[in-house]
Amino acid sequence: MESAMERAGAYHAVGFGKATAEQFRLLWMSRRPLFMMLGIVGLLALFGEPWTERPAARLFSMWPIWMLLAGPLWAFAVWHNEGPGNRLYFWSHPVSRTTHSLGRLAAGAAWLVVLYGALVLGGAAFAALDGDLAQFGAVGFTAWVALITGPLIGFLIISVLTVSSDHPIRWFLGILLGVPLTLSLVDEWLGLGPALEFLLKPLTSRDWGLAMTIVAPFLHAMARVHELFIDQGGSSTVGDGFDTQDWWLAMPLWILFWLGVVVLMARRHPDVLPRWRRSG
Amino acid sequence: MSLMIPTELSVIEPAVETAGLAKRYGRRVALDGMDMTVPQGAVYVLVGPNGAGKTTTLRILLDLVRADAGRAGVLGLDTVSAGAEVRAHCGYLPERQDAGYGWMKVQQLLDHHARFRSNWDAAYATQLVERLEVRDHTKFGKLSKGEARRVQLVMALAHRPPLLLLDEPTDGLDPVMRDEALAILSDHVADTGATLVISTHLVYEVEGLGDHLGVLKEGVLRAQLDRETLRQRLRRYTLEVAEGWEGVPEVNESIIRRTGSGREVAWTVWGEEGEVVERLKAGGATVRHVDPLTLEEAAVALLAMRENQNRIAREPAPAATQAEVR
Numbered sequence: 001m002e003s004a005m006e007r008a009g010a011y012h013a014v015g016f017g018k019a020t021a022e023q024f025r026l027l028w029m030s031r032r033p034l035f036m037m038l039g040i041v042g043l044l045a046l047f048g049e050p051w052t053e054r055p056a057a058r059l060f061s062m063w064p065i066w067m068l069l070a071g072p073l074w075a076f077a078v079w080h081n082e083g084p085g086n087r088l089y090f091w092s093h094p095v096s097r098t099t100h101s102l103g104r105l106a107a108g109a110a111w112l113v114v115l116y117g118a119l120v121l122g123g124a125a126f127a128a129l130d131g132d133l134a135q136f137g138a139v140g141f142t143a144w145v146a147l148i149t150g151p152l153i154g155f156l157i158i159s160v161l162t163v164s165s166d167h168p169i170r171w172f173l174g175i176l177l178g179v180p181l182t183l184s185l186v187d188e189w190l191g192l193g194p195a196l197e198f199l200l201k202p203l204t205s206r207d208w209g210l211a212m213t214i215v216a217p218f219l220h221a222m223a224r225v226h227e228l229f230i231d232q233g234g235s236s237t238v239g240d241g242f243d244t245q246d247w248w249l250a251m252p253l254w255i256l257f258w259l260g261v262v263v264l265m266a267r268r269h270p271d272v273l274p275r276w277r278r279s280g
Numbered sequence: 001m002s003l004m005i006p007t008e009l010s011v012i013e014p015a016v017e018t019a020g021l022a023k024r025y026g027r028r029v030a031l032d033g034m035d036m037t038v039p040q041g042a043v044y045v046l047v048g049p050n051g052a053g054k055t056t057t058l059r060i061l062l063d064l065v066r067a068d069a070g071r072a073g074v075l076g077l078d079t080v081s082a083g084a085e086v087r088a089h090c091g092y093l094p095e096r097q098d099a100g101y102g103w104m105k106v107q108q109l110l111d112h113h114a115r116f117r118s119n120w121d122a123a124y125a126t127q128l129v130e131r132l133e134v135r136d137h138t139k140f141g142k143l144s145k146g147e148a149r150r151v152q153l154v155m156a157l158a159h160r161p162p163l164l165l166l167d168e169p170t171d172g173l174d175p176v177m178r179d180e181a182l183a184i185l186s187d188h189v190a191d192t193g194a195t196l197v198i199s200t201h202l203v204y205e206v207e208g209l210g211d212h213l214g215v216l217k218e219g220v221l222r223a224q225l226d227r228e229t230l231r232q233r234l235r236r237y238t239l240e241v242a243e244g245w246e247g248v249p250e251v252n253e254s255i256i257r258r259t260g261s262g263r264e265v266a267w268t269v270w271g272e273e274g275e276v277v278e279r280l281k282a283g284g285a286t287v288r289h290v291d292p293l294t295l296e297e298a299a300v301a302l303l304a305m306r307e308n309q310n311r312i313a314r315e316p317a318p319a320a321t322q323a324e325v326r
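Top to bottom, those sequences are chains R and G. Numbered by the numbering used here, the letters in the first sequence go through residues 1 to 280 in order. Numbered by the numbering used here, the letters in the second sequence go through residues 1 to 326 in order.
Read the hints as simulated data drawn from the structure, not as lab findings. Wrong hints could be hidden among the right ones.
To be verified - 27 Å max Cα-Cα, derived DSSO-like pairs, lysine-lysine: (1) G/K139 with G/K105; (2) G/K142 with G/K105; (3) R/K18 with G/K105; (4) R/K18 with G/K139.
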């Protein structure tokens, strides 16, 4: 009989690739990508701009929904019912905690790309039926890339909360409502407008700020859609000031920044208190 | 005679070893300097009341919970720096029956679990599913407590791990399934030579399996010894004594538990039987009979021991008995 110790050499921890592949499969089994897609298509059917009857243009009209909601919503969905305090089973697998958390996030990001691909293919199919395929393709490479990097950045930002907190929605709403309110009060009472402006520059800069990195290419894409589908080649003022070169620099840097923050949060063991909270 | 119940085992190559483990949850102390040693191939029963720190101990061994102080090693691996490797070598039956994805069908959950285990034995898993009468086409979240427990047993065993950490393994099982589960564990040990750590407060259920006992109370390991030492040193003495008999001073401090009243009393005493009997007789008692304790009785007696009663708490058990793991 082979002894337990002899067999012990045959037991291995699972690496990032295998863990990510299994998390990708798990998300599929949970049907969350399907519900997400149905949700997006449902929103499109309900709220798609009525300015055209042409399905391809109608599809484009829902990009605001996609841009602003898809990433954050998907980040919540990926960890649905699995806050850090409820990951006993998840963490009992032979994968390092950080690796496993990042594997789930990578799988989530991959599904976001797949969903985007499905939407684009659906749009292309509709456009082909309408005879608009040429216009569809002419939206521009930067716009196509931006339409997925924006949601990916949103996905990473919300993942900072979902990876590390049992109450990510509370944190999200707290930050969303609390930060602007606090800043406006600080500005009102203490008159720190210029200081705040400096502090908020990473968010608000027109060239490389986070908000513009996410929104500007969307505005640019919408301008292109108007030009191609509505104005039929006419000029549009939407998206003025979008600098493709700045954006191509800012976008990967913001992705790297938020990826770094997510990795830091994923590495944090909830049982290890920061030094200042340790007793004795 | 003095009370010297071992709290340390001297083992050359332990399967599990902890040193000074401490853990607090807020103000509540879960573990307070725990030194546990589980020999290779042992079936170690960790007993203690609810909240004694048993579940925390098992979770620390798998790095699911991080200790505030101390260190833990499993099969020669450090649980903090090699947590994933440790989990690869362990089968774990958690205390919580909801540990698993409730939305998955049982078969899906087993498939998912298998993909993380390099040594998953599909044939053995099927055999366990049949023996434990697991309904594999039902959603895991729809199972009763006992049914979920059976699925978790399959998940813990099917990769034939060298170390099994079982937290209340029979909790929720009906008597028939409990016996089947214990028979499976017994077969598993016989087939693989695996080490078992069983945390429970229902010691009688694992009476036939356990060969080592750790008594945990309020985060402190009050006793830790092998069954042979227990059998030899911890016995119940049924005595016939005169009315108002006050006992034997040399034996009194070795008494762990006193039951009975009047002329017939039963004392649970730690010590060498011949010496105890001799002193009791010399003190005027008639020794009717001397009985070894079951694991359950020993656990209850040791748990009832007062906090400061085991005064010399660092005496390793005799080396000769340590070698006889099974």
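(message) Hinted pair, alpha-carbon criterion (27 Å max): R/K18, G/K105. Please report holds or violated.
(response) Given that 27 Å is the threshold and the Cα spacing comes to 22 Å, the pair holds.
(message) Would the hint linking R/K18 and G/K139 be met if the CA-CA limit is 27 Å?
(response) 25 Å, holds
(message) Given the hinted pair G/K142 and G/K105, is their Cα-Cα distance within 27 Å?
(response) Holds: G/K142 and G/K105 sit about 9 Å apart, inside 27 Å.
(message) Need the status of pair G/K139, G/K105: alpha-carbon distance at most 27 Å?
(response) 4 Å, holds
Checked against the numbered hints above, the structure breaks none of them.
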